[in-house]
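Trainee: Once you've looked at the hints, go ahead and assemble the two chains, each given alone in its own frame, into the complex.
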Amino acid sequence: MKPTPVSGQIGDSPRRADGPQKVRGDFEYSSDLKAAGMLWGATVRSPHPYARIVAIDAAEALALPGVHAVLTHLDVPGTKVYGLEIQDQPVLAIDVVRYWGEAVALVAADHPEHARRAAQAVRVTYEVLKPLTDPELALTDDAPRLHPGGNVTRQVKIRHGDQSAQAEVVVSGEYEVGMQDQAPLGPESGLAIPDGRGGIDLHLATQWLHVDRDQLAGILALPPEKVRLTLAGVGGAFGAREDLSMQAHACLLALRTGRPVKMSYSRPESFVGHVHRHPGKLRYEHGATRDGKLVYVKARVLLDGGAYASSSTAVIANACCFALGPYECPSATVDGWVVYTNNPPCGAMRGFGSVQNCYAHEAQMDKLAAAIGMDPVELRQRNAMKTGSRLITGQVVEGPAPVAELLDRIKAFPLPVEGSGSGRGGGKVDLTQMPGGVSNTTHGEGVRRGVGYAVGFKNVGYSEGFDDYSTARIRLSVANGRPRAEVHTAAAEVGQGLITIQAQIAATELGVTDVVVLDADTQVGSAGSSSASRQTYITGGAVKAACEAVRERVLALAQSEIGRSAGARLERDAVVSADGGLIVTLATLLGDAVVEETREFRPRRTHRLDAATGQANAHLQYAFAAHRAVVDVDTELGLVKVVELATAQDVGKAINPQAVEGQLEGGAAQGLGLAVMEEIQVKDGVIRNASFTDYLLPTILDMPPLLMDILELGDPHSPYGLKGVGEPPTISSGPAIVAAIRAATGRPITRVPVRPQDIVGA
Amino acid sequence: MEFLQPTTWTEALAMKAAHPDAIPIAGGTDVMVEINFDRHRPPAFLDLTRIAELSEWGLDNGVLRVGAGVTYTQLIDELGDRLPGLAKASRTVGSPQIRNRGTVGGNLGSASPAGDAHPPLLASRAIVELASSAGTRRLPMHEFFVGPKRSAMRKDELIRAFLVAPAQGPQQFSKVGTRNAMVIAVCSFALAIEPDRRRVGTGIGSAAPTPVTAPEAERFLEGVLGEHDLWQTRAPVAESALLRFGELVAAAARPIDDVRGTAAYRRHALAVMARRSFVWAWNEYRAAA
Ligand SMILES: Cc1cc2nc3c(=O)[nH]c(=O)nc-3n(C[C@H](O)[C@H](O)[C@H](O)COP(=O)(O)OP(=O)(O)OC[C@H]3O[C@@H](n4cnc5c(N)ncnc54)[C@H](O)[C@@H]3O)c2cc1C
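If you read the protein sequences in the order shown, they are chains D and B. Residue 157 in our numbering sits at position 157 of the first sequence; the count goes up by one each step and never skips. Residue 854 in our numbering sits at position 92 of the second sequence; the count goes up by one each step and never skips.
No lab work stands behind these hints, which were simulated from the structure alone. Being a predicted model, the structure only gives us computed values, none of them experimental. Mixed in with the good hints there might be a few duds.
[Claimed, not checked] Lysine to aspartate or glutamate pairs mimicking EDC-like chemistry, simulated, CA-CA at most 20 Å apart:
id	chain 1	residue 1	chain 2	residue 2
1	D	Lys-281	D	Glu-174
2	D	Lys-411	D	Glu-712
3	D	Lys-428	B	Glu-1046
4	B	Lys-917	B	Glu-796
5	B	Lys-911	B	Glu-1046
6	D	Lys-298	D	Glu-328
7	D	Lys-683	B	Asp-1020
8	D	Lys-683	B	Asp-1019
9	D	Lys-428	B	Asp-843
10	B	Lys-911	D	Asp-694
[To be verified] Not everything, but these chain D residues come out facing chain B in the computed CB check (under 7 Å):
id	residue
11	Val-438
12	Asn-440
13	Glu-445
14	Glu-636
15	Leu-696
16	Gln-757
[Claimed, not checked] The following residues of chain B were derived to be distant from chain D, with all beta-carbon distances above 10 Å:
id	residue
17	Leu-766
18	Pro-768
19	Ala-780
20	Thr-811
21	Glu-815
22	Leu-901
23	Pro-957
24	Ala-970
25	Pro-977
26	Gly-985
27	Arg-1016
Just so you know, even glycine gets a beta-carbon here, dropped at the ideal spot from N, CA and C.
One chain only, chain B, in its complex shape (with noise of 0.2 Å):
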């Protein structure tokens, strides 16, 4: 097995193309699971952790670029205020010593409906950008998922960086899972309102084959929110607004039974997120008039 250190970018790209079959590695906390279970042999090895850009971030334009190399530690810490929805999805992620080493950009490589990362760049409609030795081109989040583990990523290509804006308003994550902490998600709701924009954004993680995001049940807040007025009085939400938005989110997903949980639990809990994340949201703005 061939181990490639590249300590640039350019260098990184070059050697995907040469190597199209060598696998990443960055924080190693899913690649190794996935030796250790046997379940690949990758002919070689591609280690990021050198290159120092992919764990930097910067705002540029009003638009954070955040490396492909930043640890979860990193966006709790430096970034906990800019992406609070992301900080909290992070802040669910596995151990100290796996945020230590975790990265979104790995999060995204592995692209399972389960990363955790998923569901708050959906919610806040993050850019991701791909680049290969031919060039680099820039994929909506939704776009970059296309099937369980699987994602848009061609073989020659590496992520390089994650786009979004800072948060215009409060964001939410929740997550529910069999035990208190160090767990994968049974599934998981993110949530992103953005009164400036008059936007809501969400996420769904673990109940589809893709994370997604639930696009009527965004209309239909942006619709109750827009109609009394409500981003101007900041006035309670009507409860039956609300438990409709939980049915539109969980119609959204398209759970399975597996191991972590049932479909028909799934999509309950989900609703049950959806309002709760909502209420939580919707309090905070109310709180900063």
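Bound conformation, chain D alone (with noise of 0.2 Å):
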């Protein structure tokens, strides 16, 4: 990618500097990477959930012209598997199969084509096993052995308060959420290009590349500073980019070959090439004194996590730490596990455990509401968690917690008048208004009105006493007769904006115009993942901490040079005076001379949840989203409009109002589509709607407008006093749209994606 500059202060909202590109379709994603003399990788897979590899025959597919090479697990140099937090994925399957479409083996081809054909031409003979499926049968001893240390990949225990509380109200329910997909529209797919010295360069889509780099150097055997990784155009990422996919395959293939070595996963391929969200069963309990005050909350969380832990781990932490949602409660008891089977491989998606189990907790406190008879948004802030509020974990929640004040704002949006646009103000009917769209399946008849509430939360950054950190690089210098300020990072632009935001910290903290973000490759410190809402505090963080060590040298520079000056600063390109006189020109200051500086930001530490108690302050940061759905509902035929979504979220400090805007926008229709359509229905292990044919993703008329009210409350121990933004947004929109299709029809509904033969009981 050529680096564009861009200008703007933080507060503004700035032309990103992908963005012409994208919208002309100039822009390079990594699937459109090529290279002279390059081959293509292909993947054998599985075809069981569950099997014993007794024998691979590649003697076919290595006949065939253009094939290059076939490998398998004897293949790789190295470590043979690799995960996130727990290293039991192989690289390519070793003597069993654990999950449909597992990657078994390698073939690399003068063409895609070819690849294809070699990859069937390889025989695998499979000894068919009974795959485990079910999550509950997991946890028993009946169950199949799938890991050495057995199925239990992680169980969390939090007891917090009166263990034996009782309550005058008590409501119960079991809720089930199905398994959503991060489905980001750029496939999983790089260049690996061999450097003739036993070295590699891979250009890719990744969340981390550093992540990506170390798992790799250990793969291939070789020293961290061979492996070279380079972030090429990455089309959306959700959590779907944190493990790996094809970057080892390819690198594998390149290396055996000498070649540059092309991968691109095909739609249906990239729905077994990267893991899912979590489908989860959750059982809840709650008690309560008859004026709505919670007394004490159970609740059993279960998670599938599939055939190998990802980051099954952290999320099932995040599923119990957040379980009661942000709300007050002096007793809690909450075991959650997450296990294995031989489903698709669950880990990262947004919302990451907050999600399975808003729906839980949102629903609970609408059915307590109803319970005690009071409004469900009044006992919500009866309730509500405020800033000094204690967690279930112990943690003392600092900073803003404005869980009270999100909801009267949603609430004081006026609502959408009734029938606007319906045709059952007597005109004519406008289809794209009702439920089932344009495919006229009601012009009002059976079209019921419901609206619902819901508030959620979770942690920003990483938790549990990992070392959290991200790395700039800053250089000043003067070009064409001009300052300009590079800033290089290795954090991954996903789409969400984070090039621009790192331009705009730049250009505030050193007053300069003219500012580039280079390419994030791993020739630069590592910058953690761009996941858990945290790049814009952490990266942003280190970007602002580098820029000041170089706005101090600059000052000294000036200091020295023209004489001491109090409160000096840089501004408009130049040093100038408290009063905002011109002392000098950065470029006459600076001449030849290059300021740079790289700096670490390190987030406050976090701590481990205790094992027997779940006590800890294992979280650094917490954001907090509310919404209100309007859905419109054919309560014959069981199908939903979702009329209008509204939110209101804190945000600390919009550093880019519209990318905030963005984030707002995409993650309440994320939550709508797991609300309402997206689930990858598996059946005995297998994905039987892996393509976009059947697994459905909101359309322009499934998502309505969107009403936002953002506040900046202000984090006193972050940058510029900002919270992550991107993950809330996807937590209580999906639950505010169930609970007003409850509303609209009276109907329990506990399960999600809800399909229309749940609302009309078929």
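Mentor: Here it is, written out as structure tokens:
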């Protein structure tokens, strides 16, 4: 990618560096990469969810035209297993396959069609085993042990307050969340180029270059400096690019053949090429006083992690830590498990454990409100978490926690007029506004309106003692007579606008208008992952710190060259005095000099949950959002039209307001998807809808206008007072929609995505 | 892979005779998906897009003759008033891009039980014209569909056109999908009422191995309308008769459970759509008096 200058201070919404290219279709995504003499890699995948590999015969494939290599696990020179938290996943299957679509062998050929045919010609003999597909069964001794340590990937226990508390009003429920996919539009893809000296350059789409690099170095048995990664254009991520997919495979093929090797998954392959959101079963009991104060909550959370661990241990921690939602409660008993099965592996996805539990705690709050006869918003406000509240993990919430206020704000939006645009006012029917849309299923018959509220929260940044940090290098020099700041980090722009954010921070801190953000690569220290809503906080913090170091040197230089000026600062490409008068332009001051500084930014340390009680200061920062949904439901056909969504979110400080709005809209759409349509359907371990034909994502006719109230309350501990914004919109949007469907239909609705048959009871 | 590009119909038939394994391609919106999914690697393509007459339509002796290459967009824009049922179905197909490329000939060629053009063509008793270098034959629509994604078309044949009378009365189409646009039918229903002939036509999509009609439901409704001379009086139809009509439509389906929905839901939804469609059509008929 050619770096494009960005100008704009924090709080502005400058044009994105990659915007014009993306709009024109000129942007180079990782799937567009090419190199002279390159080969194409293809993957041989298991057609069984669970089987022993008896034999692999590559002779026929190797004899096909254009085929350069066929590799199996025997060809992996270094560590043969990998994983973000637990190294349990083979680079290529070793003697056994544990999920449908697991990588078994690799092929490199001179043409994608040759590679595809060769992959089909690799003969793998399997002894098929009965797959373990029920996570409840996985907890029992009757289940086959899928991994040496058993089937429980992690168990989390949280014990808070009086464990034998009793209450006047008790409601309970069981809830189920289906398997959602991140469905990034860009497939897993990249280009590996051997350097001819035993090292490798890999250009790829990922969320975290350094964690890929470190895993690859182990797998390839190379020192890390011989494995160089450069971020290519990323077509969305949402958690799907945290784990390795084609990275090691392309490198293995490239090193074996001595040729550049490109891999790019097809859409169906992408569905087995990355992890998904954990499906969950959640059982809750809420006890409260008659006037609506929570007394205790008991929750049992079971997540299906599928065949390999991925980020499961952190996801279950979140699902348990935030199991109650953003409420105060004197007592809580939470038991969570994430288990291995032969279902598709699950891991990180936007919302990360807080999405599943929000469906449960918000349904419970509505149930409780109904049982007590209280307005559901009032019940929530009466129990709302606030600054100084103690979480069930014992941690005290610092900084703004405006839960009650967010609910006030969404309630304050006027409700859309019923029947507006729906033809029920007597005018011509506008089908696009009807449940069922242009498919002409109702002209108003059977349609009932419902309104629902939900609020959620989650942690920002990595938790439980993880050494979370980021690195930034800033270089200030003069080019063409003007000062120019170069920002170099390894932080992955995944579409969220991070390049622009980094430039805005540098422009603000250094007072220069010409800022260029260099390609993200491993030639600078780790930035950590573009995950956990953390990059603006952590990499933004690193850019800020490095800029401050550069600024200090520049001001020192000005002082030694020109003399002391109290309160001098950098502004408008110059050093200015306290009253804004020009002291010296940076171009004059610097001349040929270059000022370069590299800084690491480390937020406050977190701690691991106690295994017996789940108590700890485990998280860095909390982000809150609330949603109101208005839906029209065709109660006879079970079809849903989300009429309007309203949200309020505290973002601390909007570094780039337009990017914030984009996150709120996209996140709400992704939440809507899980609520009413998005599900990977798995039967006997096999995905039945691995394509966009039947894995449905919301269209513009499904996603309504989003009313937004963005609060900037300022967190005292974070750079500029900002909060992570990416995930909260995905947490409560879906639960609000489901609450609205319940309100419209009077049905309990305990499973998402809500299907037509769940509404009509057919 | 060979790419055959006839410019005339005669040339196309000759090429198909010489290359019976060549896959015809019109809009390509089904063919290219199949290729992309790696389901086929055909030895040859027969590109039909250069044959001008295939994308034309005309009125011949009171019957519309619509070329196999007429797109959904054309149907909506040019034939919406004469074939309102088919136009309604066309509006539900895919996205603007798909409607610009996709053709009814291609929908018939794929013969998917979920093809949205099929129920309205069944309801209005259209006829499909098949041709080979050996000759031309015409089949009633319901004889064309023989199994899931299988039709009566022979390997040496091509679809040239379909023939259908312009609407004699109100026509409806509704389709259930779990998304409000760009969705394959969970099930669909088409209705055509023909006051002049005192006839009711139906078509059901995505709820049997092939698109089907509901003949018993048609006869029942014709009976109700005839019995009380409702065709003449245009009085509302009794709620009980509407319910029965819905039940009979549902009974004509032979749905299965699949990724898009359950058999029970499909039956339920068909009954609802049948009732609603009839009410809309009947109200239109009453209002036209
Ligand atoms: C994103 C998307 C959305 C879609 N949505 C819908 C939808 O909502 N409803 C729906 O019904 N379909 C839908 N489809 C499927 C497809 O668009 C339709 O079936 C369309 O009618 C196919 O027409 P075509 O001209 O593109 O056919 P092609 O793909 O060119 O051909 C389809 C089949 O017909 C054969 N064929 C084409 N013309 C002839 C001929 N003259 N004689 C003999 N055989 C012929 C071809 O060999 C092939 O087997 C969708 C497809 C896509 C990609």
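Trainee: May I ask which of the numbered hints given earlier this structure violates, with the numbers listed in increasing order?
Mentor: Of the numbered hints, just 5 does not hold.
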